[in-house]
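Asker: Let the sequences and hints guide you as you build the complete structure.
Chains as they are written, first to last, in numbering that gives the first Met the number 0: chain A, 0 to 330; chain B, 0 to 160.
Check before you lean on any hint, since a few could be wrong.
[What the hints assert, rightly or not] Pulled from the structure, derived: some chain A residues nowhere near chain B, Cβ distances all over 12 Å: (1) F41; (2) A122; (3) A129; (4) A151; (5) R159; (6) G170; (7) N192; (8) T212; (9) F225; (10) A261; (11) R326; (12) K327.
[Stated by the list, open to error] Covered stretches of chain B (in silico footprint by chain A; criterion: 3 or more residues with CB under 8 Å from a CB of chain A, positions within the stretch not fixed): (13) 72-81; (14) 111-123; (15) 126-135.
None of these hints come from the bench; they were simulated from the model. Just so it is clear, CB atoms sit at the ideal spot from N, CA and C, and this is done for glycine as well.
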Amino acid sequence: MTRGSLEIVCPAGTPAALRVAVGAGADSVYLGFRNETNARNFPGLNFDYDELAEGIAHAHAWGVRVLVAINTYPRAGDVGPWQTAVDDAARAGADAVILADMGLIDYAYRAHPGLRRHLSVQASASSVAAIEFYRRAFDIKRVVLPRVLSVAQIAELSSRVGVETEAFVFGGLCVMAEGRCSLSSYVTGQSPNMNGACSPANAVRYEEEDDGTLVSTLGGYTVNRFATGEAAGYPTLCKGRFVARGAADYLFGEPASLNAMAVLPDLLAAGVRAVKIEGRQRGRAYIARVITVIRAAVDAVGEGMAPDAATLGAVTEGGRDTVGVYRKGWR
Amino acid sequence: MTGRPTARLTLGPLLFNWPAEKVRAFYARIAREAPIETVYLGEVVCPKRAPLLAAALADAAEWLLEAGKEVVQSTLAMVLDARDMAAVEAVIGSSEFPVEANDMAAIAALQGRPHIVGPHINVYNEGTLRWLVGGGAMRLSGTGTGPRGDCQACRDRGSGA
Chain A
0 MTRGSLEIVC PAGTPAALRV AVGAGADSVY LGFRNETNAR NFPGLNFDYD ELAEGIAHAH
60 AWGVRVLVAI NTYPRAGDVG PWQTAVDDAA RAGADAVILA DMGLIDYAYR AHPGLRRHLS
120 VQASASSVAA IEFYRRAFDI KRVVLPRVLS VAQIAELSSR VGVETEAFVF GGLCVMAEGR
180 CSLSSYVTGQ SPNMNGACSP ANAVRYEEED DGTLVSTLGG YTVNRFATGE AAGYPTLCKG
240 RFVARGAADY LFGEPASLNA MAVLPDLLAA GVRAVKIEGR QRGRAYIARV ITVIRAAVDA
300 VGEGMAPDAA TLGAVTEGGR DTVGVYRKGW R
Chain B
0 MTGRPTARLT LGPLLFNWPA EKVRAFYARI AREAPIETVY LGEVVCPKRA PLLAAALADA
60 AEWLLEAGKE VVQSTLAMVL DARDMAAVEA VIGSSEFPVE ANDMAAIAAL QGRPHIVGPH
120 INVYNEGTLR WLVGGGAMRL SGTGTGPRGD CQACRDRGSG A
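Answerer: As structure tokens, this is what we get:
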């Protein structure tokens with residue numbers, strides 16, 4: 000890190016997005032293989048081995064690190080593809096692997112002790128005891144914090160763990176605990192933890208009714224109904240609108256995305272080492288715009304200034320955003 | 000025995016936000032009437048409400064034991080800070096029953112002594128199962144999201160639990 004004091008970890012859904020992220024000011028990029036070994040197993044995304052090797056060469060030429068997410072849970076009796084992914088990441092010269100499954104972390108620790116191990120957000124390690132368990136057992140170097148912790152909780156935790164902490168600051172926001180949510184599994188029969196996709200596209204339908212109402216369904220279940228002209232979101236069950244006591248409302252969570260720019264100085268003060276942008280499924284223009292704004296904000300914070308509030312709105316696409324639970328209080 | 004399978008029935012911990020009297024009445028009936036061998040008791044969802052139910056759950060444990068049922072002590076599904084951890088450690092330290100871990104923080108605290116791995120711990124394969132068994136896991140509650148064959152594969156290739 001030559002600029003600022005928070006490492007910016009950026010999504011690279013494709014080789015083209017990797018180049019955009021490197022050019023826009025990423026300190027690190029994270030990516031996955033084109034299979035079910037990572038949690039963004041969407042059609043048209045991700046890397047094969049040769050693309051990874053080329054991407055690493057390009058990133059390293061610009062001083063940018065490459066982190067390989069192998070963060071789904073290996074199938075019983077068929078852990079081979081996940082171990083191969085770890086072997087391939089090591090062979091291609093990745094700077095770290097991002098892992099969630101204890102058995103796979105154990106494998107990586109023994110087979111490639113020199114390859115940095117980051118604990119994925121999918122491992123849902125939200126406490127000092129849990130994180131220290133992984134550090135002592137498998138010598139992990141960094142934990143990606145679940146999006147369930149307040150800044151005060153992160154500060155307490157960061158001061159007591161022997162690993163770096165990485166926090167999500169922008170993009171899609173799980174309202175459930177990552178790696179422990181079964182909602183999509185129950186209605187689609189496909190497990191995000193194992194197959195790498197929450198609300199997979201093959202289970203999603205949009206149908207327009209005669210009066211113009213747009214109905215979104217997941218696995219055949221109605222998740223939301225949008226009046227004509229109302230912006231229609233992607234049907235994840237946690238952000239569905241359900242009728243309770245006669246009124247339709249977002250019972251689990253508002254369909255807002257995370258924007259923690261306002262608490263960047265607090266995250267830095269809390270001991271956070273790296274900030275992460277969600278969105279490997281996003282296009283190049285979005286990636287470039289978001290990284291550019293966050294680069295400027297992180298550099299400003301690194302120099303002791305407040306992030307420029309005027310630029311923050313430019314990246315939210317007019318949608319609703321939230322600082323999430325970073326500013327949580329007891330209600 | 001006529002060759003019918005003899006699966007044991009287990010009742011998981013109560014997750015609803017019920018008042019203490021309703022909890023008491025529920026477990027009184029489970030103790031008296033239910034053909035259940037094992038009952039998991041304890042606060043899994045919200046540490047803030049645990050004190051409100053402590054007395055009711057202690058009564059429930061007594062009734063269940065008197066009825067000849069096995070009792071297991073469940074713990075929090077998500078440990079977020081020092082206060083949550085203290086609550087889990089207090090339960091582990093004082094429980095007279097086997098303890099079910101539902102967060103890796105509890106797994107960490109239970110290393111080296113016999114314990115039960117609850118459904119909120121992700122165990123999808125034999126490598127993870129082996130590691131947990133090595134640390135003292137003696138029983139596992141599946142997450143229910145994997146293919147049916149996975150349990151068998153875990154049993155065949157893992158060890159113990």
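Asker: Work down the list of hints and note, for each, if the structure agrees.
Answerer: How the hints compare with the structure:
At roughly 19 Å, the least C-beta separation between A/F41 and chain B is larger than 12 Å, which holds for a residue marked as non-interface. Not every Cβ of chain B is farther than 12 Å from the Cβ of A/A122; the closest lies at roughly 8 Å, contradicting the non-interface assignment. With a closest Cβ-Cβ approach of about 4 Å to chain B, A/A129 is found to fall inside the 12 Å limit, against its non-interface label. In this structure A/A151 is not separated from chain B by more than 12 Å, as the shortest Cβ-Cβ distance comes to only about 8 Å.
Some Cβ of chain B comes within 12 Å of the Cβ of A/R159; the nearest lies about 9 Å off, and the non-interface call is violated. No beta-carbon of chain B is positioned within 12 Å of the beta-carbon of A/G170; the least distance is around 22 Å. Not every CB of chain B lies more than 12 Å from the CB of A/N192, the least distance being 6 Å, so the non-interface label is violated. Against the 12 Å criterion, A/T212 stays outside the reach of chain B, whose nearest CB is about 32 Å from its own CB.
Once the 12 Å rule is applied to beta carbons, A/F225 is consistent with being away from chain B; the minimum gap is 29 Å. Consistency note on A/A261: stated as away from chain B, and its beta-carbon is indeed over 12 Å from all of that chain's, at 22 Å minimum. For A/R326, the shortest C-beta to C-beta distance to chain B comes to about 15 Å, beyond the 12 Å cut-off, and the non-interface label holds. Its closest Cβ contact with chain B, about 10 Å, brings A/K327 to no more than 12 Å, contrary to its assignment away from the interface.
Beta-carbon proximity to chain A at under 8 Å applies to 6 residues in the stretch 72-81 of chain B; the threshold of 3 is reached and the given coverage holds. Look at the stretch 111-123 of chain B against chain A: 3 of its residues bring a Cβ nearer than 8 Å to a Cβ of that chain, three or more, so the hint holds. Note: the stretch 126-135 of chain B has 6 residues with beta-carbon separation from chain A under 8 Å; the three-residue rule is met and the coverage holds.
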